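Q: Letter by letter, the chains look like this.
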Amino acid sequence: MAQPIIQADKLTKRFGDFVATDAITFDVARGEIFGFLGANGAGKTTAMRMLCGLSTPSSGHAQVAGFDVATHPEDVKQNIGYMSQKFSLYENLTVAENITFFGGIYGLRNPVLREKREQLLTRLGLHDVAGKHVGSLPLGWKQKLAFSVAILHDPKIVFLDEPTGGVDPFTRRQFWDLLYHAAAQGITVFVTTHYMDEAEYCNRVSIMVDGRLAALDTPRRLKELYGAASMDDVFYTLARGAQRGE
Amino acid sequence: MQQLALFIRKEFIHVLRDRRTLLILFGMPVMQILIFGFALSNEVKNARLVVVDHGRDVATTALIARLDASRYFEVDQVALSPKALEAAFRRGDVKVAVVFPARFYERWQHGQEATVQIIADASDPNTANTLTQYVSAIVYDHASEQRGVQAPPYGIRVETRMLYNPQLEGAPNYVPGVMALVLMLVCVMMTAVSIVREKETGTLEVLLVSPFRPVLVIVAKAVPYLLLSLVNVGSILMLSTWALGVPVQGNLFLLLAESVLFITTCLSLGIFISVQTSSQQVAMLISLMGMLLPTILFSGFMFPIENMPVPLQVISNLVPAKWYYIIVKSIMIKGLGFAAVWKETLILAGMTAGWLIISVKRFNIRLA
Chain F
-16 MAQPIIQADK
-6 LTKRFGDFVA
4 TDAITFDVAR
14 GEIFGFLGAN
24 GAGKTTAMRM
34 LCGLSTPSSG
44 HAQVAGFDVA
54 THPEDVKQNI
64 GYMSQKFSLY
74 ENLTVAENIT
84 FFGGIYGLRN
94 PVLREKREQL
104 LTRLGLHDVA
114 GKHVGSLPLG
124 WKQKLAFSVA
134 ILHDPKIVFL
144 DEPTGGVDPF
154 TRRQFWDLLY
164 HAAAQGITVF
174 VTTHYMDEAE
184 YCNRVSIMVD
194 GRLAALDTPR
204 RLKELYGAAS
214 MDDVFYTLAR
224 GAQRGE
Chain H
1053 MQQLALFIRK
1063 EFIHVLRDRR
1073 TLLILFGMPV
1083 MQILIFGFAL
1093 SNEVKNARLV
1103 VVDHGRDVAT
1113 TALIARLDAS
1123 RYFEVDQVAL
1133 SPKALEAAFR
1143 RGDVKVAVVF
1153 PARFYERWQH
1163 GQEATVQIIA
1173 DASDPNTANT
1183 LTQYVSAIVY
1193 DHASEQRGVQ
1203 APPYGIRVET
1213 RMLYNPQLEG
1223 APNYVPGVMA
1233 LVLMLVCVMM
1243 TAVSIVREKE
1253 TGTLEVLLVS
1263 PFRPVLVIVA
1273 KAVPYLLLSL
1283 VNVGSILMLS
1293 TWALGVPVQG
1303 NLFLLLAESV
1313 LFITTCLSLG
1323 IFISVQTSSQ
1333 QVAMLISLMG
1343 MLLPTILFSG
1353 FMFPIENMPV
1363 PLQVISNLVP
1373 AKWYYIIVKS
1383 IMIKGLGFAA
1393 VWKETLILAG
1403 MTAGWLIISV
1413 KRFNIRLA
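Going down the list, the sequences are from chains F and H.
Residue 127 in our numbering sits at position 144 of the first sequence, and the numbers go up by one each step.
Each number in our numbering corresponds to the 1-based position in the second sequence with 1052 added.
Honestly, the hints are just simulated from the structure, not real lab data.
It is possible that some hints are incorrect.
[Stated by the list, open to error] Pairs of lysine-lysine, DSS-like flavour, derived with a Cα cap of 30 Å:
#, chain 1, residue 1, chain 2, residue 2
1, F, LYS139, H, LYS1135
2, F, LYS(-7), F, LYS206
3, F, LYS115, H, LYS1097
4, H, LYS1135, F, LYS115
5, F, LYS115, F, LYS69
6, F, LYS69, H, LYS1386
[What the hints assert, rightly or not] Far from chain H, some chain F residues (derived; all Cβ distances over 12 Å):
#, residue
7, GLN(-14)
8, LYS69
9, ARG106
10, PHE158
11, GLY169
12, PRO202
13, SER213
Values in this document were obtained by computation on a predicted structure and should not be read as measured data.
For every residue, glycine included, the Cβ atom is placed at its ideal position computed from N, Cα and C.
For reference, chain F alone in the conformation it holds in the complex (with noise of 0.2 Å):
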């Protein structure tokens, strides 16, 4: 394996007495499709945000695209793409407005970003909706342009926190489909999920229970250490232990 594009060392975030994150140590791969899985209150949420240089580690380190988040946030944030489960368009601009605004919020200028917002009409089959507000869409395009928002400025990595909430599964197959694509680019994938079959589209995915890292392998390594027919199975196992509830 080349240089990781994560790596997380004994990362912690407490609050007082609260341990959210409690030591989590792993690495991803770059180009890889990495899954974050656990209940509620597990502390996903706390340790993605500590990757994505919005909250400060406790303890610990963990670098992103080459950058500490403690030391260097806005390295890190200038690497990275984000979507969180709310598609967070604005949904009283046009189509073509959020593309603009976003891209341009993450610097691009607009030579670049003119043809950018072109590929992505083009890609995404929106040319004819481009003038229309985001809010009248589906929620399954309002999702795959907000995926595709993320990703505009080209970033080695894309934190997704449970993308397809409330998506039928028909449009969430068509969304991993993106994924796949985005990570055959070499884009790394970094995604929450409550979905256990979303999980066995990961190539890695990772279990957190109580704020610790419970589990990390591929689906079928997974589900065979655990005797387990779907990692639906490996999940239940493993959250069972949960001291923590919501």
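Go by the hints and put chain H onto chain F.
A: Below, chain H without anything else, positioned relative to chain F:
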């Protein structure tokens, strides 16, 4: 810098595409000025005035004609008995009555005391006060005019001059108040709601993960509302000048500069609220209850602060609108310069700096 421009443009799009926001932003100031300026005026026009004339001589006739000629009264001349007069007051037909005694002219001419009795329905104290003042003023006017011809009177003379607003009109009082109110409402509520909305939709998170600096998010949010509020100040001043006949007496640029300061105070309050709350409804409620109500109660434009109990007077000092109201009144109505308002300006600037520091700090803590 280009990112900031892009962001500000986006904020403008948000405002301009949302009809409700637009309506609040531009409809409200116009409506409030018109309502306060015309409908809610405490001026009295064409009030029914009953004259009970026991004198029936040249002096009373002249005075009655004069009262009738004023735009404040419509004189109803009847010879009511005191009992009938009381009954009329009870029914509410009459708001004010003027009683001339018998031999009024004669007494006046002979240097005796000539008394005019004014009776007013004080169940509405403000109106009663205003009406009796109007009647007194007209009577005194008449008396002093006659004096020029007649022999000089004896005794003490009271001469009242109502400074800055000789006609005791309502508008000079309301315009500064409405300006404070509108700016408070627009800047605090709209800023708070627009930031919290981004929290709700999750776009704020995306912005924070981007290389765009968090402080610039605040700046970009504030700039459009600052500009739009200035447009509001402009439209209020124009309405005030041309529709209400209350022009700016002092320096227009000083007034605008002070307005920018107050708008900044409001924006920092709005940002503070948005940092503390996570839903648009809560942000709106806090802005309305926490900002609008104290502004109406404690800025001094509706209820005189001097009449309040001391604890409330102390509280009123915390309301930024109070200081802005004083500033606008001084500059706009009294035509005073910066020397007269530097203290208020300093207080407002101090408040703004304080809120701004707290808000930005809080905003950053939220991220950590």
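Q: When the hints from earlier in the document are held up against this structure, which numbers fail?
A: Result: hints 1, 3, 4, 6, 8 break, sorted rising.
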